[in-house]
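Asker: These protein sequences, in sequence, are chains A and B.
Taken in order, the first sequence gives residues 1 to 509; the numbers are from this note's numbering.
Taken in order, the second sequence gives residues 1 to 305; the numbers are from this note's numbering.
Among the hints, a few may not be true.
[As the list claims (entries may be wrong)] Example chain B residues on the side facing chain A (calculated, C-beta under 7 Å, incomplete): (1) 9; (2) 229; (3) 243; (4) 244; (5) 248; (6) 258.
Just so you know, the hints here were simulated from the structure itself, not pulled from any lab data.
Just so we're clear, the structure is a prediction, and the values are computed from it rather than from any experiment.
The C-beta atom is built at its ideal place from N, Cα and C for all residues, glycine as well.
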Amino acid sequence: MKKLLAMLLACMMLVSLLGVSAFASETELEPVTLSIWFHGSTVTPDASEKVMEEVNAYLQEKINVTLEPIWGTWGNFDEATVQALAGGDKVDIYFTSNWSANEYNKYARDGYWVKLDDMLEEYAPHLVELIPQGIWDCAVTNGYDGMGVYGVPALKDTATQICWDVNGTLLASLDYDVDAVCEAGLDYYSDEFEEMLQAAKDAKGGDFYPLLIEPAVLERMITHTSLVTGDLNGANVLSYYYDPEHPSKDIGSTIVNKFGTEEFAKFAARTYELAQKGFISPSCQSPATANDYRTATQSSGEYLFSTQSYAFGCELDYAKARGIDVRMVPETAAYMDCTSGQGAMMAISATSPNPERALMFLDLLNSDPKLMTMLNYGLEGYTYTTNDDGTITFIDEARAQYSPWTNGMGNIRILPPTDAQGADFYERFSAYYDAAETLPFGGFIFDATDVETEGAALANVWAEYAFNLMSGAVDPETVLPEFLQKMEEAGINEFVSAAQTQLDAYLAG
Amino acid sequence: MTKKKNLRLNSVSLGTEVVIHIIMAAFSLCCIIPFVFVIIIAFSSEESIRAIGYSFTPLSWSTDAFSYAFDKLPQIWRSYFNSIFITVVGTVTSTLMCALYAYVLYRPDFKYRKFFNFFSFFTMIFGGGLVPTYVVCTQVLGLRENYAALIVPLLVNPFNIIIMRAFFKSSVPLELIEAATIDGSGEYHTLFRIVAPIAKPGVATVALLNALAFWNEWYLSLLYIKRNKVLQPLQALLMELQNNVQYLNQMAGQLGAAAINEAAKMPSQSLRMVLVVLIVVPIACAYPFFQRYIVAGLAVGSIKG
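Kindly generate the complete structure, drawing on both the sequences and the hints.
Answerer: Spelled out as C-alpha cells, the structure:
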C-alpha cells in the first residue's frame, strides 16, 4: 500500500520534472518563459517538440525568450480558454477574436487583457508601423482601463466581401457562357437569375436544389448591410447599410432594425418565392441541419449558386477540393469593418508576469519572417522545401502533423508563398486587402450592456422567426408583420436607439 | 387425451414466451448493431463513404484507416497507454479509497460516523462549481499537465461510497466483526481477511463503475492537459477530433474560407471510427469478468433485503 502510494508520488514528480527547462543566455534581457495559446491548431506533440526546439534556440538568441505554445484546437479552444481565464491561469498570450468564446471586447471590458497603448511605442515599434491605422482603429475598444487597444490584430484577410459562389462546371454544362455571366454579375431579383436556377433544376432533376444558401450571409449580401460589432451574439438584429460600390462613402451612418427595412421585406419576399419554386433545399431552412448540409453539399459541388465570405485566392482552393470550376462573383466591393479587423488577435493576459516581454515577442513574431515561417509552417526540410522561385512546397506527411491555423497567428504577409499560391501571391494579396475601403462607421463597437434585458428578449424572438424568414421557409407577407410586432414588444426600438446614440457619440468624438 | 401439466415454476404460455423473446432479441440487436456498424465503417474505404455515406454494405473495403492510425499516429498508442494506465491506477486507488471510506461509515462503533457520512453526502448535493474546482485543482493541488490531474479529481465518488456502504450493511453481519474481534483479529486483519472476501461483489460493482468513469473521461484532459498533450487519453483524443469537425461546421459563417481549408485537414471518417473501435474493445472485454460478481451482488442484496 505504502509502496504503491510512493510509486504514484514518484511518477507524478517525474512527470512534472519532464517539463520544458529554460536555458540561460548571455543577453542583457532576463530569460523568461512565455506561454501562448493558439486557436485551431493541428499539431502533434512530437512535431511541436521538434519545431519548438529550433524556434526557442532562435528566440533565446533574439529576445531571450523560451516559448511554450498551447496548441488549442478548433474543438477545445472555447471551453478550455474560458476556464483558464476564469481560473486565472498563468498564460501570457491568448488568441482572441470577436467570434471565439473568449470574445475580445467582452474580455477586455472585464479586465482580462492588458491595455497596450502605453507599451506599444516602446516595446512594439514594428507592430505600430506595419499594421494599418484602420485595423488598429478596429482594435480600440472600451475596456477595463478605458478606451484603448487591448490586443494585437492579425494582418491577415482583413476585409469582408461576400460573393456569389458559382459552380462554373454546372453553369457551362447548361450552355451558359460562364465568363460572361460572371462578368455581368448576378442579380438576385432578375428573371435571368431565376432562369438559370430553373435550367439547373431541369437538368439535374427534382431532388436537386440549385440555390445553396446560408440565410444570414445571403441577407447581408443582398441588402448590402454590414454587421454591427457588439450586436447580439449569433442573432443579429442590427444592420448598417453601406454603398455597395464605394463602401467608405457616407450614406447616413445609421444603425437600423435589420428586419424593419423595405430592403429586407423585398429580400424575404424574393427568397420565399425562390423557395416555393423548389430552388432552396428544406435542409437549408432548418437551423439544425443547415450547417452540415451546406458543408456537405458545397464539398460535393452539388449546387449552382451559393454564397461565400471571400478570402483572397480561396476559389483556387475550393476548385481543387471540390473538383469543379469555382467562380467568385462579387456583389459589393470589399470593405473593412471591425468584424474582419477583430477576426484574429493576440491579447496579453492580465495574469502575465511579463507583459512587456510578451509584447516584444508579438512584435518579433509579426515582423520577423524567419520566426513567423518557423512557427507557422514548420522547419525547412521537415515540413516544407524551398523552390527556386522563392515559393515553398509542403511535405504533406510532416505538414499534417504540424499545421497551426495560418491566419490565426498574426501577420501572414511575411510568410513565403506556397507553390499553389504562386510567387507573387502576397503582392496580389496585399493589393487586394489594402484597396478595401473602411466603412464610414470605422472601428465602432456597440456596447450592449445597458440594454441587456432587451437583448435577451430579442434573441428569443429572433430564434423563433428570423431564420425562417431569411431562408424563405415562411411567407413574409403574414409572418414579417407579426415578427416586427413581437420585436417591438421585446424592445427593438430601445436597442437600436442605444446603438445609434453610441454611434453618434463615436462619430462626433 | 389428458393434458400434460406443466410443472415448471413461473412458466408462461408459448405465445408470451415468443413475444418476450422477440422483444429481448430486438433490444439486444439495438445494443449490438451500432457497434457492428462502427466496425463496418472503420473498414469501409474512404471512397465508399464519400459516394454513399455510411452503409452496412460499403462499395469497397479497406484497412487504410487502421494502418494509417497504427503507422502514422504515434499519439494513438501513447493515448492508448495513457487510457489504460489511468484506468488501472485510478480504479485500484479509487476502489480502495471508496471501500475504506464506506467501511468506517458502516461500522456503528465509529465515533465520527455521522460527520463523515454527511461530509461525503453533502458533495452530492452541492458541488464547488467549475471555476473554483479548477482553481483549487490547478493552483492548490498542482493538478496540471500530469497524470495525477487525470486521476485525482475522480478518486472519491460519494455515490459509490453509498453503494459500498449498502453492500457492507446487507452482506456483512456486525456479529461477524464482533466474533472476529473476540478471536483476536486486529482491525486490518478483520477488514482485509474477513470483511473484504464477503463484500467482493460490492467491490467488483464499484470497481466496474470506477473503471468506466476513468476510461470514458475526457473532460479532465481538456481542462488540465494543454501543454503536455502526450498525456492525453484516447477518449480525449477522439472527443477533440469530433469537436473540431463540429466546430468548423458551426463556424463556417464566421470563419468563411478558413473553415473549409481547415476542414480538409481533419482525419477521415473511417479513422474516427477506428478510434471508436479502439476505445470500445477493451472495456467491452472487461465486462464479462465483472459481470459474475455483479449478478452475485444483486442476488445477495435481494435475499438479505
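Asker: Identify whether the interface hint at residue 9 (chain B) stands, where standing means a beta carbon of chain A within less than 7 Å of its own.
Answerer: 48 Å, violated
Asker: Would the hint on residue 229 (chain B) stand, with a C-beta cut-off of 7 Å toward chain A?
Answerer: Nearest chain A Cβ about 5 Å off; hint holds.
Asker: Identify whether the interface hint at residue 243 (chain B) stands, where standing means a beta carbon of chain A within less than 7 Å of its own.
Answerer: 2 Å, holds
Asker: Does residue 258 (chain B) meet its interface restraint, that is, does its C-beta lie within less than 7 Å of any C-beta in chain A?
Answerer: 6 Å, holds
Asker: Against chain A, run the beta carbon of residue 244 (chain B) and see if the smallest gap drops under 7 Å.
Answerer: 4 Å, holds
Asker: Closer than 7 Å between Cβ atoms is the bar; does residue 248 (chain B) clear it against chain A? Give me holds or violated.
Answerer: 6 Å, holds
Violated hints amount to a single one, hint 1; each of the other numbered hints is respected by the structure.
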